Amino acid sequence: MPKYDPKTLTDAADAISYASNETKETYHPAGGSQYGSWDASMSYPAHEEMSLFVKKYDQSYPGSYQYETLDDFKPESHEVFLTEDFFTTFGVIYRSAITAVETTVKQAGYGAAGLHRMSDNIKAVEDANITAVFEVLAKTQNRG
Amino acid sequence: MGNGSIALPGDLLDLVKRWTAEGTMKFRWPSEDEGSFKHGAEQWGGGLVEEELKRLNPEAHIKAVGQKNEGPAIEAFTDYWRDVPARNIEDLVSSFKVVSVALLAMNAALIAYKNAAIKELAELKKELDENQKWAWLPWADDENIHKRAQNLVDYFDYNARFDLDAFTRVMNTSTTVIQKEGKLYQDIAKRFTPETEKTGEKLTG
Chain A
1 MPKYDPKTLT DAADAISYAS NETKETYHPA GGSQYGSWDA SMSYPAHEEM
51 SLFVKKYDQS YPGSYQYETL DDFKPESHEV FLTEDFFTTF GVIYRSAITA
101 VETTVKQAGY GAAGLHRMSD NIKAVEDANI TAVFEVLAKT QNRG
Chain B
1 MGNGSIALPG DLLDLVKRWT AEGTMKFRWP SEDEGSFKHG AEQWGGGLVE
51 EELKRLNPEA HIKAVGQKNE GPAIEAFTDY WRDVPARNIE DLVSSFKVVS
101 VALLAMNAAL IAYKNAAIKE LAELKKELDE NQKWAWLPWA DDENIHKRAQ
151 NLVDYFDYNA RFDLDAFTRV MNTSTTVIQK EGKLYQDIAK RFTPETEKTG
201 EKLTG
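Going down the list, the sequences are from chains A and B. Position 71, counted from 1, in the first sequence is what this note's numbering calls 71; the numbers after and before it change by one each time, with no gaps. Position 73, counted from 1, in the second sequence is what this note's numbering calls 73; the numbers after and before it change by one each time, with no gaps.
Fair warning: there could be bad hints in the mix.
[Claimed, not checked] Using 35 Å as the maximum straight-line C-alpha spacing, the simulated DSBU-like pairs for lysine-lysine come out as follows: (1) B:K97 to A:K55; (2) B:K183 to A:K106; (3) B:K125 to A:K24; (4) B:K183 to A:K56; (5) B:K190 to B:K114; (6) A:K74 to B:K147; (7) A:K106 to B:K180; (8) B:K119 to A:K56; (9) B:K54 to A:K55; (10) A:K74 to B:K114; (11) B:K68 to A:K123; (12) A:K7 to B:K63; (13) A:K3 to B:K202; (14) B:K26 to B:K125; (15) A:K7 to B:K198; (16) B:K202 to A:K56; (17) A:K56 to B:K114; (18) B:K38 to B:K180; (19) B:K26 to A:K74; (20) B:K119 to A:K139; (21) A:K56 to B:K68; (22) B:K17 to A:K55; (23) B:K202 to A:K55; (24) A:K24 to B:K183; (25) A:K139 to B:K26; (26) B:K68 to A:K139; (27) B:K198 to A:K3.
These are computed hints drawn from the structure, not numbers from a lab. Since the model is a prediction, treat every value here as computed from it, not as a measurement.
With the hints as constraints, model all of the structure from the sequences given.
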């Protein structure tokens with residue numbers, strides 16, 4: 001009789017799924033959020049806040065804000081924007097980091113899905129299909 | 001521009017505007033807000049992203065899975081988890097801290113550059129004011145006074161170049177550092193393909 005404890009499988013799957021939902025909350029458009037319609041008081045996931053541009057509050061109505069853009073740093077004739085190239089390079093890296101986080105969330109999600117499947121019945125821990133999928137994923141997504 | 005950015009004091013701003021408009025001064029005041037770099041550094045290395053990523057890898061729960069369950073699928077899961085999501089999370093957390101340090105270096109370099117410029121501009125202003133005093137004398141030669149002022153501005157520009165070079169070195173180093181980290185992000189992302197997605201979806205069925 002193999003060792004089988006469905007609770008540990010469910011607990012791990014739930015913990016990962018909960019964390020995944022938190023991390024990708026921003027990707028649900030208004031109305032599609034797990035909390036119902038988008039609430040302006042909700043903050044973006046931490047990795048979405050890593051931009052060099054900061055949130056600027058404006059006076060048009062309470063709580064309204066906008067993000068800085070490169071235009072906000074446009075120099076006047078006695079000024080120079082020394083870091084334009086850096087901002088551009090950084091912007092590409094920032095987008096790339098966000099994609100890497102999204103990818104990792106999906107990878108973790110597959111782990112959670114597999115654990116859920118295995119928590120369904122004792123035979124699943126020996127299931128050849130689940131084994132094969134994890135083996136393929138481990139091979140194709142391992143960075144070597 | 002964000003709040004709290006180091007600004008040129010009014011009298012020095014007038015000086016820079018006058019001599020840059022006149023074409024003598026090569027120096028230009030940096031329009032960037034050093035606070036942006038600090039803000040960025042705090043977001044990348046401040047702990048919130050680390051917490052967010054580490055929640056994706058509930059280590060105690062994963063350990064319990066391996067301890068209390070057996071079977072080839074469990075083994076395949078733990079191998080996958082160790083080599084892919086857990087490894088990516090760990091590497092991303094470390095990498096984001098490196099980027100944070102690069103941004104802090106940019107913040108410090110910009111503050112140093114602006115402060116050095118203010119100090120040197122204040123000295124230039126003092127010397128220009130001193131030079132201008134002679135213009136009030138009845139025997140003053142305006143052309144010579146103006147020429148001397150231009151020399152003072154040239155000398156300021158010559159020295160300011162060294163400060164700009166020091167800033168540019170930090171900027172180049174920071175750019176190189178973040179580009180290097182960017183390779184990790186691309187490496188993680190490129191392995192996720194439509195084919196991978198199709199394979200992963202078999203687990204959700």
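Status of each hint after checking the structure:
1. B:K97 to A:K55: Holds: K97 (chain B) and K55 (chain A) sit about 22 Å apart, inside 35 Å.
2. B:K183 to A:K106: Answer holds: K183 (chain B) to K106 (chain A) is near 19 Å, not above 35 Å.
3. B:K125 to A:K24: Answer violated: K125 (chain B) to K24 (chain A) is near 54 Å, above 35 Å.
4. B:K183 to A:K56: holds (31 Å)
5. B:K190 to B:K114: Measuring from Cα to Cα gives roughly 40 Å; hence the hint is violated.
6. A:K74 to B:K147: Judged against 35 Å, a Cα distance of about 32 Å means the pair holds.
7. A:K106 to B:K180: holds (24 Å)
8. B:K119 to A:K56: With Cα atoms ~30 Å apart, K119 (chain B) and K56 (chain A) stay inside 35 Å; holds.
9. B:K54 to A:K55: holds (26 Å)
10. A:K74 to B:K114: OK: K74 (chain A) and K114 (chain B) at ~17 Å, within 35 Å.
11. B:K68 to A:K123: holds (15 Å)
12. A:K7 to B:K63: holds (13 Å)
13. A:K3 to B:K202: Satisfied, since the Cα-Cα distance of roughly 24 Å is no more than 35 Å.
14. B:K26 to B:K125: holds (16 Å)
15. A:K7 to B:K198: Judged against 35 Å, a Cα distance of about 28 Å means the pair holds.
16. B:K202 to A:K56: violated (44 Å)
17. A:K56 to B:K114: holds (23 Å)
18. B:K38 to B:K180: Holds, at roughly 20 Å.
19. B:K26 to A:K74: Given that 35 Å is the threshold and the Cα spacing comes to 18 Å, the pair holds.
20. B:K119 to A:K139: violated (59 Å)
21. A:K56 to B:K68: Status violated; Cα separation ~51 Å.
22. B:K17 to A:K55: holds (30 Å)
23. B:K202 to A:K55: violated (40 Å)
24. A:K24 to B:K183: holds (23 Å)
25. A:K139 to B:K26: With Cα atoms ~57 Å apart, K139 (chain A) and K26 (chain B) exceed 35 Å; violated.
26. B:K68 to A:K139: holds (25 Å)
27. B:K198 to A:K3: Cα-Cα ~30 Å, so holds.
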